[in-house]
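Participant: Model the full structure from these sequences, guided by the hints.
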Amino acid sequence: GFANRAAMAFGGVQPGDYRKMLIYNKDRIFAFVNALGDIGTEWGVAAAGCVNWGFPTLADTDIPEILPTGICTYEHVVANVPHDEMCQRSVEIRGLKTKISDIEIPCAFGPAYEGERVRGADLYAQTGGGKTQCTELCKMAEMNDIEDGKVDVIGKDVGDLKEGDTFPLGIYVQVAGREMQVDFEPILERQIHHLINYIQGIMHIGQRDIAWVRISKAGVEKGFTLKDIGVVIHAKFHQDFGNILDKVQVTLYTKKKDVDDLTKRARAEYKKRDERVEKMTDEDVEIYYSCTLCQSFAPNHVCTVSPERTGLCGAYNWMDCKASFEINPTGPNQPIEKGECVDPVLGQWKGVNEFVQKASRGAVDHYNFYSMVVDPMTTCGCCECIAAMLPSCNGVMTVGRDYAGETPCGMKFTTLAGVMGGGAQSPGFVGHSKYNITQGKFITGDGGLARMVWMPKMLKEELKERIDKRGKDIGVPDLYDKIADETVGVTEEEILPWLEKQGHPALKMDPLIG
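Heads up, the sequence shown is in the working numbering, so the first residue is 187 and it goes up one at a time.
Calculated from the structure, these hints are not laboratory results. What you are looking at is a predicted structure, and each value in this text was computed from that prediction instead of being measured.
Think about it this way: if two alpha-carbon atoms lie no more than 20 Å apart in a straight line, the pair counts; the simulated EDC-like pairs of lysine to aspartate or glutamate are:
(1) K544 to E526
(2) K403 to D351
(3) K457 to D588
(4) K442 to D346
(5) K348 to D308
(6) K536 to D551
(7) K441 to D338
(8) K658 to E461
(9) K536 to D468
(10) K422 to E290
(11) K598 to E672
(12) K646 to E461
(13) K458 to E651
(14) K668 to E680
(15) K694 to E679
(16) K403 to D308
(17) K422 to E365
(18) K285 to E333
(19) K336 to D288
(20) K508 to E464
(21) K687 to D671
(22) K403 to D343
(23) K643 to E592
(24) K283 to E365
Facilitator: Printed below as a string of structure tokens:
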């Protein structure tokens with residue numbers, strides 16, 4: 187009776203219009219039946235009748251099931267549901283989306299705190315940033331394999347640390363949902379960056395396996411714990427992505443072995459994600475995608491992601507941005523019609539320029555995809571690597587966030603990021619992802635990968651297989667052996683004789699400048 191009256195009173199459904207009655211109740215009245223105990227004929231008939239309004243039945247006894255979807259949103263009749271799962275299963279099967287309005291953590295929380303810095307004098311403890319390992323991974327799970335809202339901290343928490351301590355951290359987020367897809371994993375994973383930054387007194391930089399989290403003394407005084415990170419992720423994922431997920435479980439590891447194990451698994455996942463765009467080229471598509479996720483730290487920075495230029499953070503490629511736009515059409519990843527090609531060598535398009543000028547609020551009116559010398563793309567501090575010109579060697583170098591030593595350009599990574607990481611164009615420098623180094627269009631406007639004369643040994647070894655492959659493609663099969671690292675030297679004067687001895691191709695190329 188109530189279901190019919192609701193449809194007639196609030197939906198304008200006419201008496202007797204059973205089809206519209208079903209559609210209204212199925213879409214608007216999120217009711218379900220919990221049948222407890224033995225179900226006789228009378229109860230069975232009543233439950234079957236409820237199905238005609240789109241209301242499923244869940245029983246704790248062994249009754250005949252009707253699992254295929256059709257009249258109800260998902261299953262119609264589900265049997266043998268344990269009492270401790272009855273509520274959650276009912277919400278899931280009915281398609282009811284939960285909204286979490288209050289996030290119960292001791293610190294203030296909100297977008298107003300995004301961009302807040304935790305300086306040395308205010309620092310209590312930190313993880314990542316080249317001092318320890320900090321890794322983030324989001325994976326899809328089966329509905330029955332995780333528990334919504336469960337947050338575990340395996341190992342030490344903030345209360346077990348002393349002021350000035352560093353610690354490893356692994357953030358493992360598992361999500362399940364009827365509409366969830368594997369393609370959405372990196373989009374959800376990248377949200378961890380700004381969600382942690384929403385917590386007052388906590389600073390987050392980076393992503394994937396190069397994240398950096400700094401915890402302030404003020405945050406600890408208010409009672410901040412690592413569990414609060416999980417509470418925030420659970421709540422905000424439900425708020426922002428409730429249309430695709432139903433359950434969120436978060437595990438935070440602080441034991442070194444656990445973090446190392448998660449990192450090993452995560453890197454394999456990152457590799458799979460990156461390889462999805464392996465065979466795509468920029469010429470294959472007419473649509474690129476923007477990414478303005480980092481504008482809280484770099485207000486003028488606008489990243490444009492194409493098949494052959496992954497996001498400089500390394501977390502998003504073209505396919506990821508496409509999926510992100512599908513699940514959040516008003517989010518940071520917007521489609522850009524590249525339009526008329528202004529310069530095919532340097533990689534500049536009219537449509538991209540127009541978008542960048544608008545998104546940067548007029549600070550940047552154009553940039554080039556394939557050059558670091560002439561009007562390069564803007565850079566933010568979340569980049570995986572920064573490339574710099576080495577004039578004496580007629581080449582370029584690059585350095586990753588996880589290398590803390592000196593470099594031939596005279597600046598460490600942290601100094602480089604501080605100088606050019608605010609969203610400005612810096613000719614002679616550009617931020618990029620690790621994967622981008624061996625993509626087909628990497629600085630092709632300046633000579634391509636053949637210009638690479640120095641990179642840290644750990645980065646070089648990590649990319650060896652891809653450098654070898656790319657070297658063969660460009661006619662320099664032994665390029666890997668010709669690239670110097672810190673074991674050769676950390677100044678241009680030290681590496682130049684070695685490059686000459688190796689016969690590096692950059693030395694015979696046209697001058698980078700002039």
